[in-house]
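Colleague: Using numbering that gives the first Met the number 0, you'd call the opening residue of the sequence shown number 0 and step up by one each time.
The reader is advised that the hints may include incorrect statements.
[Claimed, not checked] What follows is a set of in silico ranges between Cβ atoms, one per label pair, in the way DEER data are often shown: (1) 213 - 428: 22 to 32 Å; (2) 176 - 213: 21 to 31 Å; (3) 156 - 195: 48 to 58 Å; (4) 221 - 195: 16 to 26 Å; (5) 140 - 195: 15 to 25 Å; (6) 263 - 408: 37 to 47 Å; (7) 93 - 156: 12 to 22 Å.
It is worth saying that the hints were derived from the structure and are not from the lab.
Keep in mind that this is a model prediction, so the values were computed, not measured.
Quick reminder that beta carbons are idealized off the backbone N, C-alpha and C, glycines included.
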Amino acid sequence: MKQYFKILLTIFLISLLQSCAAPGKKPKLVHGDKPLIDTAEIIVKGREDMDKKIIDGPKPYDSTFEREDKRKTITTENVKNYVTISDEYTNLKQLVSFNFQGLDFEYVMTLMADIAGINILVGDEVSGTVNAKIENVGWDIAFQTLLDMKTLVADVDTANGIIRVHTPEKLTAQETAKSARAEVLKKKIALEESVEPILAEIFRLYYISPTQAKGTLEALFATQGAEGAATMSNLTITVEDTTRSIIVRGHEPDLDTIDAVIREIDVKTKQVLIEAFIVEANSKFANALGARVGAMSVSERGAKGTTTISGITSGGNAATTPAGVTLGAAAGTISNQGISGTSGIGILKQVGARALKVELEALESLTYNKILSQPSVFTLNNQEATITQGEQIPYQTTSDGTTTTEFKEAALSLTVTPSIIGDGNVLLDIQVNNDSPNLDIGDEPAINTNAITTKLLVSDGDIVVIGGIKKRTINDVNSSTPGISKVPVVGNLFKSKQKNDDLTDLLIFIAPRVIE
Numbered sequence: 000m001k002q003y004f005k006i007l008l009t010i011f012l013i014s015l016l017q018s019c020a021a022p023g024k025k026p027k028l029v030h031g032d033k034p035l036i037d038t039a040e041i042i043v044k045g046r047e048d049m050d051k052k053i054i055d056g057p058k059p060y061d062s063t064f065e066r067e068d069k070r071k072t073i074t075t076e077n078v079k080n081y082v083t084i085s086d087e088y089t090n091l092k093q094l095v096s097f098n099f100q101g102l103d104f105e106y107v108m109t110l111m112a113d114i115a116g117i118n119i120l121v122g123d124e125v126s127g128t129v130n131a132k133i134e135n136v137g138w139d140i141a142f143q144t145l146l147d148m149k150t151l152v153a154d155v156d157t158a159n160g161i162i163r164v165h166t167p168e169k170l171t172a173q174e175t176a177k178s179a180r181a182e183v184l185k186k187k188i189a190l191e192e193s194v195e196p197i198l199a200e201i202f203r204l205y206y207i208s209p210t211q212a213k214g215t216l217e218a219l220f221a222t223q224g225a226e227g228a229a230t231m232s233n234l235t236i237t238v239e240d241t242t243r244s245i246i247v248r249g250h251e252p253d254l255d256t257i258d259a260v261i262r263e264i265d266v267k268t269k270q271v272l273i274e275a276f277i278v279e280a281n282s283k284f285a286n287a288l289g290a291r292v293g294a295m296s297v298s299e300r301g302a303k304g305t306t307t308i309s310g311i312t313s314g315g316n317a318a319t320t321p322a323g324v325t326l327g328a329a330a331g332t333i334s335n336q337g338i339s340g341t342s343g344i345g346i347l348k349q350v351g352a353r354a355l356k357v358e359l360e361a362l363e364s365l366t367y368n369k370i371l372s373q374p375s376v377f378t379l380n381n382q383e384a385t386i387t388q389g390e391q392i393p394y395q396t397t398s399d400g401t402t403t404t405e406f407k408e409a410a411l412s413l414t415v416t417p418s419i420i421g422d423g424n425v426l427l428d429i430q431v432n433n434d435s436p437n438l439d440i441g442d443e444p445a446i447n448t449n450a451i452t453t454k455l456l457v458s459d460g461d462i463v464v465i466g467g468i469k470k471r472t473i474n475d476v477n478s479s480t481p482g483i484s485k486v487p488v489v490g491n492l493f494k495s496k497q498k499n500d501d502l503t504d505l506l507i508f509i510a511p512r513v514i515e
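Construct the complete structure from the given sequences, taking the supplied hints into account.
Modeller: Pasting the structure below:
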């Protein structure tokens, strides 16, 4: 019996070993066949989030009205062309064909003059014959080709209808003599101008500073080279800040130019109203606000109309209590449109600042957010506007036995520089700083800083949403029943300790509005 049992045990062990070594059997994965992290899914999800941010991001308004002229001529200086013949002389641009064989050069010039209807004078030093055949070539090109064949040059005076042909040496000598003569005449004219009356005029400025006007005018005349330097020697600009004027002494033509320039640069500057809403929001705020503003509608831009929100109490005034705010109460008026403000920069289109204020107050009553500040400021076009809200933190320092109290600033500051494009869009240069004190490090408080700097091109009336500045608060909350919670052993049943971990997002809504 024992022998039989040993045989059965041996057969069982052999079968067990063979089953353990069986080929093709894969070990079972702890988490199954699916990997813990699917990289392809992460890439697809990331692209979807990026596409959504692009859709929700700022989009400039494509205007249909006529834009202001970007270019306007103030003064014109005509420069004489000494190299080529202007296209306005069509008789010198006509196509010609000829076949000159052994003709005298002076006679050829006579024929060319008859064709073009212009006077051609040939110097006594020019001689020789011409052999040339040309078909369908411009008269000016054919004329220059004949000169090149004989190594000759010409002085073209199309205004008076005269062309002089000479050898290079002869024409150079003549031009040198003319240049010397011109210098003499120039000095004579300058002498005559020096005895011309010097006028002094006062230019009243309204929108630009006298210092700015002086710098612009001096730079304008300085860019004219030697002539500009000569003009500045006879031109004096004096700044008068008390009356916002500049006093200019100079010749009348220069004063006329200055008057034309000032009329173009001293113009009324538009103002921009910048309203800001600084909100501390939780994770539910974005979807809630997106659903509410998605129910809004607006009439066509450029026409008279009103913006309506379903559920607002009628009467023309914004509701001041939660009872007066029942936005989206009617059926079919709420959409699931979300915003991406909590993750960076977004845009709210066709939503006025007044309507946004109502929405924020309504959501605040639902504890979705907390309105920290609602500042507003007017600023001129291309002028910086700064809004700051914070505190001065005192701390003491000791030096040479003397203790002094100093302060560090921890503030939320918003700096906006608007630039009106002129086609219905506004270029915003935005900088946001959120500084908070850190009193846990040493005697001197440290300042934790968060900053966002960006430039956006938005339509006039849109609301920019800036987020991404997050704040995490961790604290312990103790609650107990008075009296009985102090009883040993049994009191533990009537008290509790809870740790709160809150993550909030600081959102800044900026609403620029151009004041016409």
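Colleague: Can you list which hints this structure breaks, lowest number first?
Modeller: Of the numbered hints given earlier, those the structure breaks are 2, 3, 5, listed in rising order.
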